[in-house]
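Visitor: Spelled out from the first residue to the last, the chains are:
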Amino acid sequence: MSAISSQHSTNATAPYLVHGKPLYRRVLPRPEVVLSLGLVLIVVLSTLFVPHYLRPNANYTFSTLLLNATPILFLLLPETLIIATGDIDLSVSSVLGLSSAVFGLIYQAGTPIWLAAALAVVVGGGVGVINGVLVTIVGLPSLAVTIGTLALFRGIAVGILGTTSVTNFPPPLTRFFSGSVPGTPIPWQILFWFLPVMAFAVLLHFTPFGRGIFAIGRSSEMAAFSGVNVTRTRLILFILSGLVSGLVGVFFTLQYSNAIGSNGNGVELQVVTAIVLGGVSIWGGRGTLFGAIVGGLFIASFSKSLQVLGVSDDAIYVITGVALIISVVTASISKHISSRRRGTASPLQAGGD
Amino acid sequence: MTLQKAPTPRTAATTTVPVRSVVERLFRARELSLLVIIIAFIAVTTAVQPSYLLSAGGWRDLLRGPAMLVVVSIGEAIVILTRNIDLSVGSILGLTTYLCGDLMHATSLPILVIVLIGLAFGAALGLVNGLLVAFLDVPSLVITLGTQYAYRGIAVLWIGGNFIRPEWVPGSFKHFGLSQILTIPWLFVVGLVVMLVSGWFLSSRRGGRDLYALGSNPDAAVLYGLRTRQLTLVPFMISGLLSGLGGIMYLSIFATGDSKVGIGYEFQAIAAAVVGGVAITGGSGRVWGVALGGFFLATLGTALPVLNVPSLWQQAIVGLLIVAAITLDRAFFIVRQRQARKAVSE
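The listed protein sequences correspond, in order, to chains A and B. Following my numbering, the numbering of the first sequence begins with 1 at its first residue and continues without gaps. Following my numbering, the numbering of the second sequence begins with 1 at its first residue and continues without gaps.
Chain A on its own, in the form it takes in the complex (with noise of 0.2 Å):
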């Protein structure tokens, strides 16, 4: 968009960027733009109307609110990446089940935590290949695959786990992880999440590797036309949602402090509704990073207002789903509508000029 408007702006050698409609007609319609809005909607609400929203300890309901976020709010950031090129990767959550698995049975094995924790996240990369080399190397469709992967990794980690579990982690380590930097709502993890978050921003945004996973979503055909190498680039991306499912998988642990192979099940889906929420398209090629997180804080604020406000839990799962369905149709609707609009305005411009 950017780039065709700065093209047209040298070719009128105008000073600056000449564009058909005013800035906040511009803005305003996209998905993630709306949902910010929203999202600042329902914190100022609930602020206002929903009694002990932040009364007693208004550190809490937010460090909570965040808290209960924190594993879609990291695995969001892969997954955007992978939806964006047009594939999908549904084994996220098993992976971080498998992940928590590992690091606990080599920790209780005697294995120093950090080494533990190591093998987890290495372990979270090596099956990220497996997905990978599946869908790049082998040429099967992701969705597919990933939905083998994830009855395998979940059933791996609930057999070598048994009906065990491990919850004899170091007090310090576990009351940090799912702690809050004192003074202040922001739980430790969502310091370190701040990383990762950056690094993607800058990868999908502002880098040539980027760009290559919005031509993948576009068409990897094309992509590949113009030097995208695009089995690199999704294999990449699988094994980079591996290590990082496989560090939240240890993150997880911490903060619940329990080791057990059902750990993060049915995540998955959550992720996905937050990013498609947020204006990602599912076939790939659209969206941005900073609406897919918008999207995950929208679910997590609004479940956390319901369950407050004292509304049963599980109505989340309806606002859920009515949301995500009322995000995409109105996405095609106003597609529909703004194409014909194009199709009926371009004549009668041509016409006036």
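These aren't lab readings, by the way, just hints derived from the structure by calculation. This one's a predicted model, so the numbers in the text were calculated from it and none came from an experiment. Treat the hints with caution; some may be incorrect.
Interface residues of chain A toward chain B, partial, derived using beta-carbon atoms under 7 Å [stated by the list, open to error]:
#1 20
#2 21
#3 23
#4 24
#5 33
#6 34
#7 137
#8 143
#9 147
#10 151
#11 158
#12 276
#13 320
#14 322
#15 324
Glycine included, each C-beta is placed from N, C-alpha and C at the ideal position.
Following the hints, position chain B against chain A.
Guide: For chain B alone, kept in the frame of chain A given last:
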């Protein structure tokens, strides 16, 4: 490639399709290999514990247990054939189970009417999916992910901590879940009928072939003049209907149920379809394979504990089966493509 070949008059008609070896053809017939695996599997399990097959209860459970998964996965497979996916089958199944249980408790309607209401309810939920996907051009993965949440949420809000008590369910209905005809459980017959009707329709009726045409190339289907919206919509209704039927079967087997019935069932249904030879990219696969795939996955669950494999490993084995099935398909596809190319160049 076709463009390069165009000037020469040698077209596909003159190139001979390579004759496949018997072994390869056997392997490619997914149904046959699945059948052999299932029989071998049951044989081994029976050798370890004879009562697994050779007792009245064992025989009944072997045939009755998988029927539910078979029915639901056939619906799922029909959706996948058209290059879509239905992630809401588990939620539809759960909601229908409770609706029927509640109707049996709260009203005095005849069971047959309640069953018909349940089927219509499932189909209506499927219709919502179908309308959204077909008329708004939005990806089915996202829509059915949304309705999966929405339907489950409705179930949870409606049911809460309540559950269907066994005494709500009339004895005759429970009896239907247990009873047999000529030593074959009625529920197995239900699954068989669903398989035969849908298999016949898909393989030999115009409407069925149109579904394959749409799935293998949607653009070509439009150019050919097929009613693609209708062809997209109907499979979702069928899938909803069969999920509803699955819910009714659940009720007749277990005579109980809460708001959690059917959670995660969509993955099992997709797994059965994929193991049964349905390509996730649409346009290929047969109902017989899906039925055997569902039968195999469900049998696995009951046989593994007998074979001293902890049931904890069941999920891992299912995952491995899915990955192996799609990888094998891909390998055969590449081999066939290579042979065809060789035949063209010769």
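Visitor: Now tell me if each hint is right for this structure.
Guide: Hint check:
For the restraint placing residue 20 (chain A) at the interface with chain B, the shortest Cβ-Cβ distance is roughly 25 Å, beyond the 7 Å limit, so the hint is violated. Using the Cβ-Cβ criterion of 7 Å, the hint placing residue 21 (chain A) at the interface with chain B is not satisfied: the shortest such distance is roughly 25 Å. Interface hint status for residue 23 (chain A): violated, as the beta-carbon distance to the closest one in chain B is roughly 29 Å, over 7 Å. The beta carbon of residue 24 (chain A) comes no nearer than 27 Å to any beta carbon in chain B, farther than 7 Å, and the hint placing it at the interface is violated.
Contact between residue 33 (chain A) and chain B, as hinted, is not supported at the beta carbon level, the nearest pair being about 20 Å apart and thus beyond 7 Å. About 17 Å separates the beta-carbon of residue 34 (chain A) from the nearest beta-carbon of chain B, more than 7 Å, and the hint is not met. For the restraint placing residue 137 (chain A) at the interface with chain B, the shortest Cβ-Cβ distance is roughly 11 Å, beyond the 7 Å limit, so the hint is violated. Taken as an interface hint, residue 143 (chain A) checks out: its beta carbon lies about 6 Å from the nearest beta carbon of chain B, inside 7 Å.
Using the Cβ-Cβ criterion of 7 Å, the hint placing residue 147 (chain A) at the interface with chain B is satisfied: the shortest such distance is roughly 6 Å. Satisfaction of the interface hint for residue 151 (chain A) is found here, the shortest Cβ-Cβ separation to chain B being roughly 3 Å, below the 7 Å cut-off. Below 7 Å, beta-carbon pairs count as interface contacts, and residue 158 (chain A) has one with chain B at about 5 Å; its hint therefore holds. Using the Cβ-Cβ criterion of 7 Å, the hint placing residue 276 (chain A) at the interface with chain B is satisfied: the shortest such distance is roughly 5 Å.
Because the smallest distance between the Cβ of residue 320 (chain A) and any Cβ of chain B comes to about 5 Å, under 7 Å, the interface hint for this residue holds. Hint status for residue 322 (chain A) relative to chain B: holds, with the closest Cβ pair at about 6 Å, below 7 Å. Given hint, residue 324 (chain A) at the interface with chain B, holds; its Cβ is 4 Å from that chain's nearest Cβ, closer than 7 Å.
Checked against the numbered hints given earlier, the structure breaks hints 1, 2, 3, 4, 5, 6 and 7 and satisfies all the rest.
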